[in-house]
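Taken in order, these protein sequences are the chains called A and B.
Just so we're aligned: the first sequence equals residues 1 to 278 in this note's numbering.
Just so we're aligned: the second sequence equals residues 279 to 683 in this note's numbering.
None of these hints come from the bench; they were simulated from the model.
It should be emphasised that the depicted structure is a prediction, and the values quoted were computed from it without experimental measurement.
It cannot be assumed that every hint is accurate.
Derived CB-CB ranges, DEER-like [to be verified]: (1) A:D197 <-> B:L683: 53 to 63 Å; (2) B:R511 <-> A:G80: 53 to 63 Å; (3) B:S629 <-> A:D197: 21 to 31 Å; (4) A:Q95 <-> B:F673: 51 to 61 Å; (5) B:R321 <-> A:G152: 31 to 41 Å; (6) B:E630 <-> A:K170: 53 to 63 Å; (7) B:F415 <-> A:A195: 38 to 48 Å; (8) B:N472 <-> A:K170: 18 to 28 Å; (9) A:R92 <-> B:R564: 43 to 53 Å.
Listed next, the stretches of chain A that the computed footprint assigns to chain B, with coverage defined by at least 3 CB atoms under 8 Å from CB atoms of chain B [claimed, not checked]: (10) 6-16; (11) 66-79.
From the three backbone atoms N, C-alpha and C, an ideal C-beta is built for every residue, glycine too.
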Amino acid sequence: MSNEPRTRIAETFERLQREGRKALVTFITAGDPDLDTSQRILDGLPQAGADVIELGMPFTDPMADGPAIQLASQRALKAGQTMEKTLAMVRRFRQEDDTTPIVLMGYYNPVYVYGNERFLRDAKDAGVDGLIIVDLPPEEDEELCLPAMEAGLNFIRLATPTTDDERLPKVLTNASGFLYYVSITGVTGTRAPDARDVAAQVARIKRHTSLPVCIGFGVKTPQQARTLATAGDGVVVGSALVDIIARAQDGGAEAVRGVHELTRALAEGVRVAGKDGT
Amino acid sequence: MSEHKPNTYTGLPDAKGRFGNHGGRFVAETLMPLILELEEAYRAARADPSFQEELDDFLKHYVGRPSPLYFAERLTEHLGGAKIYFKRDELNHTGAHKINNVLGQILLARRMGKTRIIAETGAGQHGVATATACARFGLECVVYMGEVDVERQQPNVFRMKLLGAEVVPVSSGSRTLKDALNEALRDWVANVENTFYCIGTVAGPHPYPEMVRDFQSVIGREAKEQILEAEGRLPDALVAAIGGGSNAMGLFYPFLDDADVEMFGVEAAGRGLDTGAHAASILGGRPGVLHGNRTYLLMDEDGQITEAHSISAGLDYPGIGPEHAWLHEVGRVNYVAATDTEALEAFQVCSELEGIIPALEPSHALAHVMKMAPEMDRDEIIIMNMCGRGDKDIFTVAKHLGVEL
Chain A
1 MSNEPRTRIA ETFERLQREG RKALVTFITA GDPDLDTSQR ILDGLPQAGA DVIELGMPFT
61 DPMADGPAIQ LASQRALKAG QTMEKTLAMV RRFRQEDDTT PIVLMGYYNP VYVYGNERFL
121 RDAKDAGVDG LIIVDLPPEE DEELCLPAME AGLNFIRLAT PTTDDERLPK VLTNASGFLY
181 YVSITGVTGT RAPDARDVAA QVARIKRHTS LPVCIGFGVK TPQQARTLAT AGDGVVVGSA
241 LVDIIARAQD GGAEAVRGVH ELTRALAEGV RVAGKDGT
Chain B
279 MSEHKPNTYT GLPDAKGRFG NHGGRFVAET LMPLILELEE AYRAARADPS FQEELDDFLK
339 HYVGRPSPLY FAERLTEHLG GAKIYFKRDE LNHTGAHKIN NVLGQILLAR RMGKTRIIAE
399 TGAGQHGVAT ATACARFGLE CVVYMGEVDV ERQQPNVFRM KLLGAEVVPV SSGSRTLKDA
459 LNEALRDWVA NVENTFYCIG TVAGPHPYPE MVRDFQSVIG REAKEQILEA EGRLPDALVA
519 AIGGGSNAMG LFYPFLDDAD VEMFGVEAAG RGLDTGAHAA SILGGRPGVL HGNRTYLLMD
579 EDGQITEAHS ISAGLDYPGI GPEHAWLHEV GRVNYVAATD TEALEAFQVC SELEGIIPAL
639 EPSHALAHVM KMAPEMDRDE IIIMNMCGRG DKDIFTVAKH LGVEL
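Just chain B, with the same shape it has in the complex (with noise of 0.2 Å):
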C-alpha cells in the first residue's frame, strides 16, 4: 500500500510476469522452456487477427456471446437504493464465464499442435468447460479432482465423463482443488511433448494470470458497451465473487483505468473470518508462493497451505490470482467478504424475486450487493457478474436448509 498511484492500471504484466511485487514463474525447470513456449505461441496468436476472429465466432456461435447485461428491476425495488444489473454470463453455453477461457486456450492449444489437454477442477465448472471444448475439438482431455470434490460434485463429474474426459480422482494432501493442481502440474511435468495445460483462473505461472484474464475481458469489453447504450454513462461500482479470480478480472480489467467506477471483489468468508473456516485469501491470508506465483494465500505461520473453507465448492482454493493481490495493494480495487450464509441468503432472493437462479459464487457477490446497494442513491449504477448458474448448486442449498430431495 506504500506503492504510489501507477499511470495505468492495465500496463502488467512487466516482462517477468509480475504484478508488482506478485505473480512470477516460480515453476521446476523442467516446466520453464514449456511456459516460455506458451508464452511465445500467445504473443503471436493476440498478435494473429485471425485468432481473435476464431475466437469471437465460437464465443459467438458456440457460447452464445454477448451475454445480456439485464436490469434487476424488482431487486432494486426490494433494495431501495442503486440500479442493479446483471452481467448475465450463466446463460454462457455450460452455464458459467469459465467456457471464454476455455475456448481461448484450446484455440491457442490447437495452434500449438498439442493433441492432449490436461485440466484441474474444483466444482467441476471449469472441468466441464474444458471437456465440452475438447469434445467439440476432437482432444483428448484428462481433468484432475480432488476426491473430495469428486464426491460432492457427482454431477458435474457425470457431465465430464458424457463428453467423453477422463476424470482423475487425486488423492493426494487435502484432496481438493490445490491438490488437483499439483497433479496437473505433475501430469503436465511427465508429458511435456503433447499435452497443454488449461489453468481454470487468473493465477498460475506467467503467462497464465495475464492470458486468462485476457480472454475473460470479454466480460468487461461487453458490459461497457451495455451499460452505456443502457445509461449513457459508466457505472458507479462493479462487483464480482471471488475464488482465484477469473471473473472479477474478466468484468474489472476494462473498466480499471475508469476512476470513477469502484470495485469490490467479494471473498467467501465462509463460516467468518474469525473462525479459520474461509477462502478468503486476501483478507484472511498474506503472500507466498504456491503453483507457480506470488499472491495471497491461505497458509500456517511455517508456511504450510491450509484449506480453505467455502459452501461455494468453486470459491474454496487458498490462493488468489497475483493481479488481485496487486490490485489490493495499489487499492484500486476493494477486498471485502461475504459468508455462506449470507451467501445461501442472496441465492434465495434472487432465485424468488428476479427467477435466476444463481451459482453460489455469483451469490456472494449478490451478497455485497445487497448489503451496499441499500446505502446508494437511486440515480447510482451498480453492475454485478452473475458468473454461473445455480443449477449445479442446489443439492447443496437444500442441504443447508434442511430439505431433502
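Chain A on its own, in the form it takes in the complex (with noise of 0.2 Å):
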C-alpha cells in the first residue's frame, strides 16, 4: 500500500511495539470546557501517559456519541469554540511536541462547511496525523478520505460488530494508521464490552489486516483498559476523561489534574497489559 501516508501514527505504533507495549489513545473535546483548559489538558497528555491523541471537533449532533460526550460537546460551543480554534490548538501543542500524533475526531458537517481542501490543508500544516470522521463510511470514501490520503492524513477507519468477514474488506480498503474497533453495538460510553467477545473479533479482524486495532467505545477503568488491550494494540479511553471534566468544580485546575490523572492510571494499565501479552 504503496499510497498510505506515514504518519506519526506509524512511527508511534513501531515504537510501542519495539518496547513490547499497547498504546493508550485518548479522547478530549476541543475547548472543553473552554479553550484555555482544554489546551492545558491537551498539552499534558503525552506525559501523562497518552500514547496517541484524538480530539473532538465539537458538533451540535454527535449522533454516534453517548451522553458524555454529547455534553463536551455542547460546553465546548457554549464557549466559542470553532474549528479555527480546535487546529490553532494543534498547532500549539507542536510546539512542544513533535512526537505524539494527533487524531481529529468528528462529524463530517463541520469539515464541508470549512470546505474540505481547506480544512485538510490547514490540519496538514498544523501538525494533526489523521482524521476520524464518524458518518463517512467507505461507501463515501471520494468525499473526504481519498483526498485526505492525498493530503498526506491517515483516515482513521471503525469496525464494529456489525462488519462482517464480507463487509471487512471494504472497511480496511483505505484505511491507515491504526483501525478503531468499537467494542460495542451502541454508542460511547454506555456500556461495558465483553473482552472475551472483543478478543475474539479483533483476533477474526487481524486476519483480514496488518494495521494497529485499537478498542474503545466502552472503556472506563485501568482494570478495563489492561484487559482490553491485551485482545488488540491499544485502547481508546474518551467518555470517562470527559466525564471528569464534567464534573470538575472549579473548571480549570481540577479538570486537567483528574484528567492526567486518569491519563496515568490508565496508561500503567495498558502497560501491564504490554508485558502480560508478550
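Combine both chains into one complex, guided by the hints.
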C-alpha cells in the first residue's frame, strides 16, 4: 500500500511494538470546558502517558456519541469553540511536541462547511496526523478519505461488531494509521464491552489486516484498559476522561489535574497489559 | 443551477443514493450494514406484487384511501382566480398523510422479521401514525420526542401512549425534532438485531428518502387520476407545504415529468426569513450533511446546526429532504415561503369558507395559494395538498389569536 500516508501514527506504533507495549489512545473534545483549560489538558497528555491523542471537533448533533461526549460538545460550543480554534490548539501543541500523533475526530458537517480542501491543508499544516469522521463510511470515500490520503493524512476507519467478514475488506480498503474497533453496538461511553467477545472479534479482524487495532467505545477503568489492551494493539478512552471535566467544580485546574491523573492510571494499566502480552 | 436539464426527473436516486450532489449514506459504520440490508429488503418488497397488494388493501380499508380530490368552490370564488382543488389527505386515518409511509415501512419491517419499531416525532403526527400501525400489528413501539415538543404537544403524547407506545422525551441538544432523530439513531445503533427505524420524512440515509417518497407517491398518483376525471386535463400548479418534505414529494413525484405542471414547495418563514427565526432550509440555509444525507440545512458559519422556528411544529426541522434540494437546484420546483402570520390567516379563511380546519402545515401551502390564485386565470387549476387536519393545532392557534380555551 504505497499510497498510505506515513505519519507520526505509524512511527508511534512501530516504537511501541519495539518496546513491547500497547498504546493508550485518549479522547478529549477541543475547547471543553473552555479553550484555555482544554489546551492545558491537551499539552499535558503525552507526559501523563497518552501515546495517541484523539481531539474531538465539537458538533451540535453527535449521533454516534453517548451523553458524556454530547455534553462535552455542548460545553465547548457554548464556550465559543470553532474549527479554527481547534486547529490552532493543534498548532500550539506541536510547538512543544513533535512526536505524539494527533487524530481529529468528529462529524462531517463542520469539516464540509469549513471546506474539504482548506480543512485538509490547514489540518496537515497544523500538525494533525489522522482523521476519524464518524459519519463517513467507506461508501463515501470520495468525499474526504481519498483526498485526505492525498494530503498526507491517515483516514482512520471504524470497524464494529456489525462489520462482518464480507464487509471487512471494504472497511479496510482505504484504511490507514490504525483501525478503531468499536467494541459494542451502541454509542460511546454507555455499556462495558465483553472482553472475550472483543478478543475474538479483534483476532478475526487481524486475519484481514496488518494495521494496529485499537479498541474503544466503553473503556473506563485502568483494569478494563489492561484487559482489553491485551486483545489488540491499544485502547481508546474518551467518555471517562470527559466525565472528569464535566464533574470538575472549579472548571480549570481540577479538570486538568483529574484528566491527567486518570490518564496516568490508564497508561499504567495498558503498560502492564503489554508485559502480559509479551 | 448550472446543471443541464435531465431527460427525466424521476430517475433518481442513483446507486449511491444521490440526487445530484445531495442525499447519500452519511452514517456510522455500525449502521451501514443495516442500511444496506434495508435497501435490499425494500428492493425485494417492491418487486413482489404481494407486498403492494397487501399495502393497497390496508390503504383502502384501514386508512380510507383514495382520499378525495375536492373542489374548494367558495375559496376559489373568494380569491377570484384559478380553480382550487384540495387533495384531502387530512381525511386519512390518524388525520394526516404520515400514515401512508408508516404502513409501507411497518409492512416492510414485518417482512424483515423485525419486532421492535422506533420513530422520531416533532409535532407528534408521525409518532401517532407509527404507534397506530404498531398497535394494529402488535409490534413494540418506541417514539423519541424532544422535551420541548413533549410539552407543547401533550394531546399527541397521550394518543401515542393510548396506542401502547413508549414515548421517550429527549433532553439532549435543543430538545426538539432534530435531537429526537439523533436519539432514534443512537437507539438503532444499540439495538441492531431486532429494531426497525421508521423515519417520518423524505430524509435520512439512502434508501429512506426514496422509500418514503415512493410510499407517499400514492397521493400524487391518485390526484392525477382524479383531476383527469374531474377536469379532463392536468393541473397548472401543485402546491404543498415543506418541513422535511414528504407530503410535497408524494404529491409532486408522479407529476415531475409533466412539463406543464408548475410546482411550489412552501417552506415555513416563521417570523420572517430575515429574522433568523424560520424553518426555511432552502431559502435560508445552505448545503451540509446531517442525519445521513447531504441537503440544505440551517446552520451557523462554523457548520453547527441551528434551531428552526415555525408556528407549525411539523415544519420545525432545520433540514429538508435531499430530493427537494436537487429539484431546487435543477429548477424543476419553485421553493417559496409563508410566515406564521400568513399561515394563521389562511387557517382561518379555510375554516370559515370551506368548513375544513386545516393543520398549520398545509395552512402554509394555502397561504401561498392565496397569493398566487388571484393572479391566475379562472380556467387555470391548482391542486393543494391538504396533508393534515387542524384539530391538533387549535390550542396553538387560540394562543396566537389571544383566545383562552
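Quick check: which numbered hints come out false for this structure? Those not satisfied are hints 3, 9, 10.
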